[in-house]
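Put chain E on the given structure of chain R with help from the hints.
Note that the protein sequences, when read in sequence, are chains R and E.
Mapped onto the numbering used here, the consecutive letters of the first sequence carry residue numbers 1481 to 1951.
Mapped onto the numbering used here, the consecutive letters of the second sequence carry residue numbers 341 to 617.
It should be emphasised that the hints constitute simulated quantities derived from the structure, not laboratory data.
Positions of the beta carbon are idealized from the N, C-alpha and C atoms, including for glycine.
Treat the hints with caution; some may be incorrect.
[Stated by the list, open to error] Each computed DSSO-like pair below joins lysine-lysine, with the alpha-carbon atoms no more than 27 Å apart:
no.	chain 1	residue 1	chain 2	residue 2
1	R	Lys1936	E	Lys470
2	R	Lys1788	E	Lys477
3	E	Lys568	E	Lys550
4	E	Lys536	E	Lys550
5	E	Lys595	E	Lys568
6	E	Lys477	R	Lys1939
7	R	Lys1893	R	Lys1921
8	E	Lys470	R	Lys1788
9	E	Lys477	R	Lys1936
[To be verified] A few chain E positions that, by computed beta-carbon distances, are all more than 10 Å from chain R:
no.	residue
10	Phe412
11	Ser538
12	Asp562
13	Ile582
14	Glu607
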Amino acid sequence: MANDNQPANTPTIDLGAAVRDAVIASLVMLGLAIPILALKTEQNMDNRLVLEPRWHYVWIACALVFAVRLALTLFIWNRKAKITVAKGEQTPTIMSGLVRVLKPFSGRAGLLFLVAYPLLALWLVGPQGSIKWIDNFGIQILIYIMLGWGLNIVVGLAGLLDLGYVAFYAVGAYSYAIIATQVIPATFPELGVWSFWICLPIAGLLAALWGVLLGFPVLRLRGDYLAIVTLAFGEIIRLVLINWVAFSNGYAGISGIPRPSFFGIPFNASEEGFAAVFGLEFSPIYRTIFLFYVILALALLTAFVTVKLRRLPVGRAWEALREDEIACRSLGINTTNTKLTAFSIGAMFGGFAGAFFAARQGFISPESFVFIESAQILAIVVLGGMGSLFGVVISSIALVGGIEILRELDFLKQIFGPHFDPAQFRMLIFGTAMVVMMLWKPRGLVSTREPSVFLKERKSISGSLVKEGHG
Amino acid sequence: MSQTILKVEHLTMRFGGLTAINNLSFEARRGEITALIGPNGAGKTTVFNCITGFYKPTEGMLTLTHPTGNEFLLERMPDFQINWKAKVARTFQNIRLFQGMTVLENLLVAQHNPLMVASGFSLHGIFSTKTYISAEKLAMDTAVYWLETMGLIDRADDPAGDLPYGDQRRLEIARAMCTGPYLLCLDEPAAGLNPKESNDLNDLLMTIRKDHDTAILLIEHDMSVVMKISDHVVVLDYGVKISDGTPDFVRTDPKVIAAYLGVPDEEVAAVEAEVGL
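Chain R with its partners taken away, still in its complex shape (with noise of 0.2 Å):
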């Protein structure tokens, strides 16, 4: 981090010529604003035009001007000058200070949270209020956290830009939903309650396959060339599984896939359902809790793969990729081997995902699996800071989590009148926030990189040395 008593790099703050700055920008104000602003032509009641004056308006345009202008003179353009000063090192921003500050609690502490996290909902709302803040928030986050751990293994660690992420949760997903609705039935049926668990590594490897197969072709190109293809390839599984009517029931979805049990205790109302078993009355948050707590660990098992591997040579020679392909060749690493293992380690969270997704939804249509859902992704492990797994948990809270919360802002219908809807403005928030993460952190939240491996002090990489990956 840098270091904020360098005296020489603090530059003297000029209060005149910020004024006299802002007094221009709210002259040049008024000069715009006087014909746009302040007459109005108007018809009167004898259909006669008359200007109406609205001086006001120009006043409170150039005070707004003048005010902005100094501010940001004051506080924003003169930080600048600072970070501009301290080249490559990182400036302390309100974030990164947030980010360092919550990291040392992110393992045991989050973990902790996240574990009683439902328990807590379910004690602060009651039963019937939590189900919204486990399952919207909970759950959501949690599945976008383990999407997002699976690409960053593509993007993040062997730089490898998959713009068809959604395509193995899509194969996942519809990997759980035909072998749990039409094989399981029509082969053991015995084992219909055990269909969530015999079908979630079968999903997997499924979704791993896909990625072997997307990645034959694929290792060839680079950058622009690898992205325009696995897009397509995002597209061509969906629209597969929109017109293939007889294999995944198109447009229609399918519908009734059977939910996990606990462990062969299902949860239903039933004598031998899990209320039942366990003495308790039925409701439906037993459910939500469970799967909570399987994707979860899901998630967890996604970040523990990824933090060993990276250990690894495999995850090593991922990285190395990322830094410099040729020099990998020239030391004996098989590109192709290494690219495919990346393609396919992450689809298989991928796959998990998909099939966990499936479960909880009970219904799958191919509008679940549309590109915007990999764009999503990408913009979570983008905007996490690539090849963080931290990064990921803290976008995936803001962008997935920060929607959710819009359709809580109901006070807002006060304000606005009642046909007010916030959550129709999520992409126009969703995009806005790329917008500035761009100019403000153009390398994520965390953009310092971890060393796999260290002689004797552990020491952060800076951003700007790590590359972002070529293909």
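Frame of chain R, contents of chain E only:
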């Protein structure tokens, strides 16, 4: 005469209509430093790219013989196997380090293949088995040995991109040596070094030749390096070998002088006839 490690026979490389290397034959011997010199654009780096598998030669045969007697036909092998199986390592004219990884990580990536086998291709390595832990420790020892040899041990945990230029050059050589090569190909290792660093490089290359069973093939423009340390010099011009011998022989060869310095106008015809142009 010592044993031949690399035998280049009738190597020709054409890019479309351009013949970058034309019917080149030479040998590099075990325990020797062979220098490949020539004016800019003579095709030296192309020879390297053919030997290390980055280009597939149009014609010719590249035979690598290990001290154990195993023979490898390099022109038939994919590039990563040339390093892994045939034990040929190289550096690049424009340094290609993994800049965002630490110095130590760079040296561990170079030991990818043995570590990959030790980790059971990650299948059991993921559970941190004893086999993998001990293999990784061995790899760390190799890395530390080379860091000490290069004087980079204090910078082991710094990102490679943060090192000064001369250190990056040495780290690239260390990284190539970590693959345990029998033939080390260095593409202009002294480019951009100051006279002291260039002297240190000479010592380093002599040490590698003396202490390790590694033959060195060198592309270099810095004649103080070439003449001082090489045992054998091959001179290329326009993709053709114009001279081959000891540094003293090459230094006085009129063809080499003509290629580097040119000849007086009145002698051009005579020299051209002699060179065969």
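Violations among the numbered hints = When the structure is compared with the hints, only number 7 turns out to be violated.
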